[in-house]
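Colleague: This is what each chain is made of:
There are 2 protein chains.
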Amino acid sequence: MAKEIVPGLAGIPVAHSGVSFIDGDQGILEYRGIPIQTLLEEKQCNYLEVAYLLFNGVFPAADELQHWNTLIGRYRILDAETVAVLAALPKGGHPMHALTAAIATLGMLYAAKDQGEPSGRYRTMARLLGQLPSLVAAFHRLRNNLEVLPPKDELDHAGNFLWMLRGKLPTELERKVLDTVFIVHADHTLNASTFAARVTASTLSDLYLAIASAVAALNGPLHGGATQATLLQLRSIGSKAQVGAWVDAILAKKEKIMGLGHRVYKVKDPRAPILERLAEKLFAEQGAHPLYEVAMELERVAKAKLGYKGIYPNVDFFSGLVYDKLGIPVDLFIPMFAIGRIAGWLAHLREQLEDNHLYRPEQIYTGSHNQSYVPIDKRGKQAKTVWSNL
Amino acid sequence: MAKEIVPGLAGIPVAHSGVSFIDGDQGILEYRGIPIQTLLEEKQCNYLEVAYLLFNGVFPAADELQHWNTLIGRYRILDAETVAVLAALPKGGHPMHALTAAIATLGMLYAAKDQGEPSGRYRTMARLLGQLPSLVAAFHRLRNNLEVLPPKDELDHAGNFLWMLRGKLPTELERKVLDTVFIVHADHTLNASTFAARVTASTLSDLYLAIASAVAALNGPLHGGATQATLLQLRSIGSKAQVGAWVDAILAKKEKIMGLGHRVYKVKDPRAPILERLAEKLFAEQGAHPLYEVAMELERVAKAKLGYKGIYPNVDFFSGLVYDKLGIPVDLFIPMFAIGRIAGWLAHLREQLEDNHLYRPEQIYTGSHNQSYVPIDKRGKQAKTVWSNL
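So the sequences go chain by chain: A and B.
Each residue of the first sequence is one higher than the one before, starting from 7 at the first, in the numbering used here.
Each residue of the second sequence is one higher than the one before, starting from 7 at the first, in the numbering used here.
Simulated from the structure, these hints should not be mistaken for laboratory data.
Source: prediction; values computed, not measured.
Only true hints are included.
Which copy is meant is left open, so a pair is good if it fits within one copy or across any two.
Lysine-lysine pairs mimicking DSS-like chemistry, simulated, CA-CA at most 25 Å apart:
#1 Lys119 with Lys97
#2 Lys287 with Lys174
#3 Lys119 with Lys390
#4 Lys384 with Lys182
Here chain A stands alone, though its shape is the one from the complex (with noise of 0.2 Å):
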């Protein structure tokens, strides 16, 4: 066959989409052509009224946003059913399995009635929006033994995560900086985890079982595994003095140094300083973080050893201390990204859905053709196989 394949389908477009855009090679992020800094300095948008944005491409209005805060609020509300199923999954398995396995049980319970009706497809992503950060943060509660907490209307969708996972309010600032997180994760074009989802749902599969693929990628080190690897990357520096030695060990093993570089960010990451300086302003309010020295060192060194190859750091760099000061446990960190990115996973489905094509992509066969039957007694033994000591 004359076709090759392009590994990992670099550079191969799949679909048209209007949600975001990355120009790597000058750091510009845009969600619905806005710079993601302009997006931010604005106090006013919060990350719903972001998600309201990538989901329509449109700001609401004044009285459409209180509506669509309010709707967004009403799915907060997990159901005796999805806490019932929470309670009996196993305590010691990873939350992103749990978010899962609790997204399928939503589908159990609102698919087929979400299907039936016009605009069960809006519902859906409603729900799913309001739902993800309640079903984290009790599934957390719940491993702990502690109780499931309700949300409470005077939060927002920052404010009550932090509420229902902690049990105590935030302050503004804690506030203000996970809002900010959860943003700067809303969207990033075609990655492999919003890929997954539109790939299921080009089946014509629902949303909850598309999200379950979006959440089931997204789970690979190689996708949202990194801002947890670039915190125990500095736990294990341990200390500013330790820095320049570990970056000259690192760089002697030609190992990778995590939360510097991204694959399509060739200067800045452009959602990295607007994290520093809250991350700042945190540390400000809260007490320093112990390994922020470390940080600030190794993005230093780095620069120095580095950053004439265009490595600078990325958004992982920074959030992963930020949840660390705001109590956010380790294991929790990819569950975090998915809170966040449910946004653009939604965004993208529903564009998927109103010009879908099933994505049925071609092989190129690497094997024999037209084999006979051996039987069993013609069979030729193997003196070990992968399976033998199982």
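Given the coordinates of chain A, work out where chain B should sit on it, guided by the hints.
Modeller: Chain B in isolation, oriented as in the chain A frame:
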């Protein structure tokens, strides 16, 4: 941008694979180079042997097969933790959502453990292959308030499923028919569910979540839903006498006849006649299926009116009648597909992980650039949005 989108990636190769091969023009389906007819004409070949072939590229020798059957048999047993989750799932939900949640639950129990040992990948493959029929049967028993039945060592994969589902021992012919249905569904090159599994695995997410993605994609009406739709169509036709008028009406409305034709096969689906012969034997043993004569008449009429367009019965045409006769409820038809296809999914995932590239395709951006933020009091209000009535 000069690049164009190929809708659904049709014709675009995305992976090298030696698992299966299809020639739709000639009606060929091969597993590891062996035509499906050859595999099914040999009496010795059963589903687990075919799964071994798909995983490894070679048949197991006699003692390897014995070890293999014992290994998978061990993984057929459900953990108490898994049964507790299955029991907590909403009884009215679809079994495919239940299966997604159950597989994520297995990931909570085993993903970290499996990834921590050298043979973990193979252990996971064996576990998922073994667990799938037990998960489907147990959910079905629990939703009907019946006790979960443990597997029996003396039964094979298909026989165990029928036992665990129905609580009575299958006849040899029932076992043989279901075994054959599992084999004909075991792989079909790079279909949407296999692709979803590969995309998810390409982030180095674990096999549990990759298979959860595949199950999520399979549930779509454009993929796994055809068998169910075909049986429901036969039920709606009702009787042999109605077929002619029904076909005329469908053709006049330019609607699709389910169970006839296939996206890739231009001649008769090579799996269909094998299933047809077995269905006939089953009806001879167990009494005729009332819709079988409707199906035969539908094939005859459709062949007369459409045969020159290359529209022949596909595998769904007979498998629905077989399932129905075996006492398998309609909403388990897609899970039956999953129980068969998991062999192919896992064989593809093994290939994917042995030469992994993160799937990170491109989009063609359709939006604007460098837009300003619109303050809330300056935003135009739409008369009615899709969210208004929610």
